[in-house]
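Can you make the complete structure from the sequences, with help from the hints?
Chains as they are written, first to last, in the working numbering: chain A, 474 to 717; chain B, 6 to 421; chain C, 102 to 579.
Calculated from the structure, these hints are not laboratory results.
Small disclaimer: the values here were computed from a predicted structure and weren't measured.
Just so you know, not all the hints are guaranteed correct.
Okay, the calculated bits of chain B under chain C, using three or more residues with CB under 8 angstroms as the criterion [unchecked claim]: (1) 77-87; (2) 327-340; (3) 364-378.
Examples of chain C residues toward chain A, derived with CB under 8 angstroms [unchecked claim]: (4) C250; (5) T514; (6) E518; (7) Q528; (8) N533; (9) F550.
A virtual CB, placed ideally from N, CA and C, is assigned to each residue, including glycine.
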Amino acid sequence: MLEIKNLKASINNKEILKGVDISIQPGELHAIMGPNGSGKSTLANVLSGKDGYEVSGELKYQGKDLINIPIDERAQKGIFLAFQYPTEIPGVNTNNFLKTSLNKIKKARGEKEMDTLSFIKMIKEKSNELGMNENMLSRQLNVGFSGGEKKKNEILQMKILNPNLAILDETDSGLDIDALKTVAKGVNSTRDKNKSFLVITHYQRLLNYIKPDFVHVLADGKIIKSGSMELAEQLEKTGYKGIN
Amino acid sequence: MLDFKPNEKEIEKIGKFSIEEKNFRIENLKNFNSVGFPNKLVEDWKFSDLRHIVSKNFAKLDLKLKPSKEENFDFIKDFEHNYIVLVNGRLTSNSFQHEDNSQIVINPYLNKDFSNKKEKNPLINLNYALSIEGFNLEVKDNYKFNKVLVIYNLFTKDLNENILNSQNRIKIGKNSELHVFDYVINKSEKNFFNNVYEDLYLAESSVFKNISIQKNRSNGFFHKFSKNILSSKSNYSSFIFPLGLKFDKLDLEFNLEGENIECNLQAASFLNKGDHQEIKTRVNHLAPNCKSYQKVKNVIDLDSKGVYQGKIFVKNIAQKTDAYQLSKAILLDESSEFDSKPELEIYADDVKCSHGSTSGSVEKDSIYYLMTRGLSKNESVKLLINGFLSEIIVSIKSKTMKNFIEQKLLSQIYEH
Amino acid sequence: MSNQNINKTKEYKYGFSTDIESIKAPKGLSENTIKFISEIKKEPKWMLEWRLKAYKRLKASKEPDWQKPKFPKIDYQNLYYYSAPKSIKDKPKSLDEVDPKLIETYQKLGIPLNEQKKLSGVAVDAVFDSVSVATTYKEELTKKGIIFCPISEAIQKHPELVKKYLGSVIPISDHYFATLNSAVFTDGSFVYIPPNTKCPMELSTYFRINSSETGQFERTLIIADKGSYVSYLEGCTAPMRDENQLHAANVELIALDDAEIKYSTVQNWYPGDENGKGGIYNFVTKRGACRGKNSKISWTQVETGSAITWKYPSCILQGDNSVGEFYSIAITNNHQKADTGTKMIHLGKNTKSKIISKGISAGKADNTYRGLVDIGRKASNSRNYTQCDSLLMGNKCGAHTIPYMKNKNSSSTIEHEATTSKINDEQLFYCNQRGLNQEEAVSLIVNGFCKDVLQQLPMEFAVEAQKLVGISLEGSVG
Numbered sequence: 474m475l476e477i478k479n480l481k482a483s484i485n486n487k488e489i490l491k492g493v494d495i496s497i498q499p500g501e502l503h504a505i506m507g508p509n510g511s512g513k514s515t516l517a518n519v520l521s522g523k524d525g526y527e528v529s530g531e532l533k534y535q536g537k538d539l540i541n542i543p544i545d546e547r548a549q550k551g552i553f554l555a556f557q558y559p560t561e562i563p564g565v566n567t568n569n570f571l572k573t574s575l576n577k578i579k580k581a582r583g584e585k586e587m588d589t590l591s592f593i594k595m596i597k598e599k600s601n602e603l604g605m606n607e608n609m610l611s612r613q614l615n616v617g618f619s620g621g622e623k624k625k626n627e628i629l630q631m632k633i634l635n636p637n638l639a640i641l642d643e644t645d646s647g648l649d650i651d652a653l654k655t656v657a658k659g660v661n662s663t664r665d666k667n668k669s670f671l672v673i674t675h676y677q678r679l680l681n682y683i684k685p686d687f688v689h690v691l692a693d694g695k696i697i698k699s700g701s702m703e704l705a706e707q708l709e710k711t712g713y714k715g716i717n
Numbered sequence: 006m007l008d009f010k011p012n013e014k015e016i017e018k019i020g021k022f023s024i025e026e027k028n029f030r031i032e033n034l035k036n037f038n039s040v041g042f043p044n045k046l047v048e049d050w051k052f053s054d055l056r057h058i059v060s061k062n063f064a065k066l067d068l069k070l071k072p073s074k075e076e077n078f079d080f081i082k083d084f085e086h087n088y089i090v091l092v093n094g095r096l097t098s099n100s101f102q103h104e105d106n107s108q109i110v111i112n113p114y115l116n117k118d119f120s121n122k123k124e125k126n127p128l129i130n131l132n133y134a135l136s137i138e139g140f141n142l143e144v145k146d147n148y149k150f151n152k153v154l155v156i157y158n159l160f161t162k163d164l165n166e167n168i169l170n171s172q173n174r175i176k177i178g179k180n181s182e183l184h185v186f187d188y189v190i191n192k193s194e195k196n197f198f199n200n201v202y203e204d205l206y207l208a209e210s211s212v213f214k215n216i217s218i219q220k221n222r223s224n225g226f227f228h229k230f231s232k233n234i235l236s237s238k239s240n241y242s243s244f245i246f247p248l249g250l251k252f253d254k255l256d257l258e259f260n261l262e263g264e265n266i267e268c269n270l271q272a273a274s275f276l277n278k279g280d281h282q283e284i285k286t287r288v289n290h291l292a293p294n295c296k297s298y299q300k301v302k303n304v305i306d307l308d309s310k311g312v313y314q315g316k317i318f319v320k321n322i323a324q325k326t327d328a329y330q331l332s333k334a335i336l337l338d339e340s341s342e343f344d345s346k347p348e349l350e351i352y353a354d355d356v357k358c359s360h361g362s363t364s365g366s367v368e369k370d371s372i373y374y375l376m377t378r379g380l381s382k383n384e385s386v387k388l389l390i391n392g393f394l395s396e397i398i399v400s401i402k403s404k405t406m407k408n409f410i411e412q413k414l415l416s417q418i419y420e421h
Numbered sequence: 102m103s104n105q106n107i108n109k110t111k112e113y114k115y116g117f118s119t120d121i122e123s124i125k126a127p128k129g130l131s132e133n134t135i136k137f138i139s140e141i142k143k144e145p146k147w148m149l150e151w152r153l154k155a156y157k158r159l160k161a162s163k164e165p166d167w168q169k170p171k172f173p174k175i176d177y178q179n180l181y182y183y184s185a186p187k188s189i190k191d192k193p194k195s196l197d198e199v200d201p202k203l204i205e206t207y208q209k210l211g212i213p214l215n216e217q218k219k220l221s222g223v224a225v226d227a228v229f230d231s232v233s234v235a236t237t238y239k240e241e242l243t244k245k246g247i248i249f250c251p252i253s254e255a256i257q258k259h260p261e262l263v264k265k266y267l268g269s270v271i272p273i274s275d276h277y278f279a280t281l282n283s284a285v286f287t288d289g290s291f292v293y294i295p296p297n298t299k300c301p302m303e304l305s306t307y308f309r310i311n312s313s314e315t316g317q318f319e320r321t322l323i324i325a326d327k328g329s330y331v332s333y334l335e336g337c338t339a340p341m342r343d344e345n346q347l348h349a350a351n352v353e354l355i356a357l358d359d360a361e362i363k364y365s366t367v368q369n370w371y372p373g374d375e376n377g378k379g380g381i382y383n384f385v386t387k388r389g390a391c392r393g394k395n396s397k398i399s400w401t402q403v404e405t406g407s408a409i410t411w412k413y414p415s416c417i418l419q420g421d422n423s424v425g426e427f428y429s430i431a432i433t434n435n436h437q438k439a440d441t442g443t444k445m446i447h448l449g450k451n452t453k454s455k456i457i458s459k460g461i462s463a464g465k466a467d468n469t470y471r472g473l474v475d476i477g478r479k480a481s482n483s484r485n486y487t488q489c490d491s492l493l494m495g496n497k498c499g500a501h502t503i504p505y506m507k508n509k510n511s512s513s514t515i516e517h518e519a520t521t522s523k524i525n526d527e528q529l530f531y532c533n534q535r536g537l538n539q540e541e542a543v544s545l546i547v548n549g550f551c552k553d554v555l556q557q558l559p560m561e562f563a564v565e566a567q568k569l570v571g572i573s574l575e576g577s578v579g
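This is the structure we're talking about:
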């Protein structure tokens, strides 16, 4: 699904990622852990194609080079980023936004666009699954949403857009335990053998609810250790300093 | 109808000048005479029809030729300070006893810039043509004042339908710091007009703080144009408490010429008994990464009028500008009026610029709340006005200053 | 002329012109021109005298020059003040008599006039250069006592109403362009809603400038009698031409006791090309008088076209408890310039006004909001709320906010807020990440920015306006 080899990225001449290697197969869920400033969010941004980074190395998605593909085309090819800080867009109705987005992606996949009625029906289902009040979706996109609501909205979008590769950037940060469980449930319910996940987190907490196949530790722009769930548990005990 | 058009010969009467200077003065006098005092058809004077105000209040306007005797006045005893005394605009004495005098230059007014740049503001024309008083103050590089400098602006009893023109210049060197306390003491009982031009230059990383206040109500008609040039990393902050003037227009221009400048202006006034007061600001953001902030509060009572015209200009290169402006007014009486024109002119896209302006009565709910706690209506209103204006005072850092201002301002409110 | 222009109409899809034989007044502005117009319209003598009075006044007045967008001097002697399709000379009695070319033109503009195809729920008066060519749904409206006709027809058939109200909101001496319009106005719409009548459909006028070197001077007069309601829409387009063309309209609204007028404009005159060549000068005077108590006038405008837009749809709130509203979107791209806003004059007690203005500036354009809120001494317990937001795209354009506020009543409140912002990169990134391309993302975000205004438009036009917002900004983000 995703092959990352010796991936380097810098911004304003400052190198943040200093040679990252990760290989994700379909159906796998990888977790990336790391201390603040280790380059976790940069990795998420580079994978989604955000502007402003100087990128080198190899980045292959479904066997094809990704580096020069613009953000929207990556999204249309099935890469989804759940933002750490979802941005507010005043005046834009959340439902309309989601529908526009879904139909863009469907169109790129050669699928039929969804009409309003079936869209609303789907939204209703999916938001109920996440314990979200569907009225929230008639509000302006992320405007006035609480931290938890914003994160749930990201997961809802993930469920609706049905990506091949979902990158979750610190989706657990700022969530209380109930919201965390809901988010985890949302992720777990979409796992299947064709989909891959890259879950970025600072704490092991989330991984108690979303079981990763692999855990990588990112520090100072490099993967310094990879392993299984035990690695995350070890981290919890010893902290990042204990890893070497 | 007063037709104030000083004759060119007046210039000869006020002093002996080089040909260059004389021509400069004549040129400016011609410019003034061609338009006279501006009326409301002039955009900058839309809300303050000076021609009308002058002709309503003056039968004549004489140039004050003979200097007045310095009159006795009380020095401020609340805090130690350096001082400059200006009598009707003329520098008469000074003391920098708390400072290293080698770091300071102080002398009477001296204009040597007779450039041909055509000045369009008729009040500045008038000032350029007739000004012979004022002071020039320079603070050398790397010198921080130990104590505040009080500028005593004394207006004498013998003023009677006179017009005074003066020019002041302050230059603060690199990394230097000066705090000024502008204090106006008015002994005149008759109407007079005071027209001041002021230049302030802040060199790199310098700090200038200023507080202006009037000691008492008076029959003064004041106009001041102040041109402020701010260099990179400099910090300007000013608190203005203009009150008790028949007419007052403060026209302040700020040119933020370097990066990382902070420019902060706050004003609070209580206008009463026919006061007419205008504050006009123009902040020119000419370089990136600067911050500017203006907050103007007015409480307006009997027959009085408050005006705020504020413009924020952002040049296309001035990205990351953070500019904010707020004016608020409370109208207390049927005869009070507040006019405002907060203006934005923006040519850079990555900026944060906003303004707000409100005017209206005292919050009725708040009065109600206070009255349920046993205060009379009058007391409630006073308390609310006090709170409204105090918001400006509390942001003054120095405690002694804060107390001093509070007393002055509150006495204005409570005397009413 | 027409064919060579069609090639360029990609960006401006209304840029075609119709090849049609027309009758024109002699070139230039003179008493003869005015007499010509009056005569061809078969006007009564009082109307001609009114026009000549305005012309006399015009000769003594000067063009204003305080506006932000400057423009080269207009040669008033080099303009045609009247141009009409020849076939219209004797006003066709029914659509069958209208030149098919004209019907086709409106069809192309998306305004079908045929009985079978006409827009449902919207009555249209179609104005082509200087004349009204057709008005739909006339009969249905007549049944309710509603008069909706070209103003030239109203002058003949309803002189008492025209005499009473024409110039009562915008006096002939108002200012240069208003006076010019009073002297030479050619056509426009007239609406009268009788007491206690709710107009059952949207009324709409569609303005089209076709001829070159021709100014369009339309005049619209809408009177809502006691307790009545009307919603009125206007749309405008013009062919692409290299010259600048002048459009100086006057619109007067009068709302009597308890009446409400909602006036919406979607202005899409030709804006000129990307180098600033050509385009319409849209210098329009629009003013409404809330003359009766509890009356309401609401202006909504979406201004995307014209080389220069210069207008301030205003409300004079005379009646106690009357309400004035102004909702505006002004989009300027390339070399377009706009200086627009409103005046809210509070005279009556308990009067309320609300101003929501959204200015968007891209390319090398300049966008100014200019507004006046004036609360008079007697306007007790009045309120104004103003919100002015500007959006800049790039640093070659400008955004200006120039509000004037005068509060002379201590029981009345004025509240004004203004902000300037840009579309931030995070918003674009977010939309891109959800599969939208740059232009779609910009269009979405800008429509969000304009939402408060767009939702004021009648349904039929809101969708069109949303598209227009997107199209107007195409190519403005790299």
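Next on the checklist: Let's test the interface hint: is any C-beta of chain A closer than 8 angstroms to that of N533/C?
Outcome noted: holds (4 angstroms)
Next on the checklist: For the restraint on F550/C, tell me whether the closest CB of chain A is nearer than 8 angstroms.
Outcome noted: holds (6 angstroms)
Item to check | Supplied contact hint for C250/C, tested at 8 angstroms Cβ to chain A | outcome: violated (39 angstroms)
Checklist entry - Under a C-beta cut-off of less than 8 angstroms, do 3 or more residues of the segment 364-378 of chain B approach chain C closely enough to confirm the stated coverage? => result holds (count 3)
Checklist entry - Does Q528/C pass the interface check with chain A, least Cβ-Cβ distance below 8 angstroms? => result Since chain A brings a Cβ to about 5 angstroms from Q528/C, closer than 8 angstroms, the hint holds.
Next on the checklist: Three residues or more, CB to CB closer than 8 angstroms: is that satisfied between the segment 327-340 of chain B and chain C?
Outcome noted: That given contact holds, which follows from 5 residues of the segment 327-340 of chain B lying within Cβ reach (below 8 angstroms) of chain C.
Item to check | Residue hint E518/C, partner chain A, criterion CB-CB below 8 angstroms | outcome: violated (14 angstroms)
Item to check | Check of the segment 77-87 of chain B against chain C for coverage (Cβ-Cβ below 8 angstroms, three residues minimum) | outcome: Since 0 is below three, the answer is violated.
Checklist entry - When the nearest CB of chain A is found for T514/C, is that gap smaller than 8 angstroms? => result Nearest chain A Cβ about 25 angstroms off; hint violated.
The earlier numbered hints that this structure contradicts are 1, 4, 5, 6.
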